[in-house]
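J.: Sequence:
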Amino acid sequence: MPDNRFGGGAGLASVIIIARDEQPYLEQTVRFMNAVPAGYPMEIVVVDDGSRDGCARFLSYSREPRRRIRLLSTGGLGPARARNRGAREAAGGILVFCDAHIIVPPGWLASLAAPLAAGLAGAVCPALIHTADPARPIYGGTLNSRLSWTGLTSPGAVFPAGMVELPSGPCDTRLTPSPVPLAPAGCLAVRRDAFCGVGGFEEELAAWGYDDVEFSLKLWLFGYPVAVVPGVKVVHISRPLRPYQRWGEELTANLLLTAALHFSDRRLARLVGLAGSYPGFARAWSRVWREPVWQKRQEYFRRRVYDDDWFMTVFGVPF
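Under the numbering used here, the sequence shown has 422 at position 294, and the numbering climbs by one with no breaks.
Note that these hints are calculated values from the structure, not bench results. Computed from a predicted structure; not experimentally measured. Mixed in with the good hints, there may be bad ones.
For each label pair, taking beta carbons as the anchor points, the in silico distance ranges come out as [unchecked claim]: (1) L402 <-> R430: 20 to 30 Å; (2) G351 <-> W422: 16 to 26 Å; (3) D437 <-> G235: 32 to 42 Å; (4) W438 <-> N272: 12 to 22 Å; (5) G401 <-> P165: 46 to 56 Å; (6) G351 <-> T278: 20 to 30 Å.
Cβ coordinates follow ideal geometry from the N, Cα and C atoms, glycine included.
Given the sequences, and given the hints that come with them, work out the whole structure.
T.: Following this line, the structure appears as structure tokens:
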């Protein structure tokens with residue numbers, strides 16, 4: 129469970145950038161964040177997770193304000209654990225998890241922080257513009273019939289009735305949060321209380337893949353709405369090689385673990401039947417279906433506000 133002793137200061141956002149072999153993107157991202165007006169007080173926490181290319185070396189001689197940038201060096205924790213490590217060291221009441229290869233627009237942080245501070249959502253994401261397909265912004269994501277991530281090409285309209293109280297009167301609809309099933313961790317802002325309330329990112333998801341799916345699903349089931357702020361558009365640089373490769377068995381294990389923690393017996397059995405042909409299924413399932421996972425599943429079922437049937441129905445997930 130992420131530790132809340134390290135702050136949670138109101139009026140401060142901690143931008144947590146996870147980096148592994150991100151030369152030259154990390155330096156570009158950090159310098160750009162410091163140059164563009166964010167509209168909200170922030171610190172930057174860089175977690176260099178076992179890089180071999182020296183991508184964070186520039187921070188040792190950087191002229192950037194040292195009080196605003198901190199560097200943590202870890203030995204290859206993986207994305208989920210690295211994010212949690214950054215959160216433990218962060219001082220802000222809002223935690224903003226970012227990839228090391230993004231470009232943010234002016235005022236981006238203020239626009240993401242506003243609905244969180246107003247209690248309209250537990251977590252929000254911007255629209256992402258991927259450089260591989262710049263004409264089609266992605267407004268968060270959902271799951272398809274095989275439980276694979278599918279990007280949403282338009283924002284939803286309103287929150288489910290009674291879930292949150294939206295502000296009345298005229299407002300800028302571009303900055304009004306719209307519910308989204310899944311928020312990508314490439315740029316994801318979350319209230320510290322919501323982050324700690326769900327236990328942070330699931331650390332058993334050792335490799336890349338389904339870490340933000342599990343986190344978004346957990347937020348919703350525990351009663352913390354997830355939203356997209358469609359007027360904030362962040363550019364996500366599509367790298368030829370990912371810093372965290374998603375090998376077949378690892379990805380299968382991550383999907384199975386997500387389902388084991390949150391799906392009903394009926395839905396879990398259906399997935400196990402479907403995943404029998406997935407890469408490394410037998411070993412992945414043996415890694416997942418263990419006593420600690422079963423105990424955590426029972427704890428989650430006791431604590432959650434909604435169940436997976438509710439989630440699938442509200443967001444029209446065909447599984």
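J.: Going through the earlier hints one by one, which of them does the structure break, listed in rising order?
T.: none
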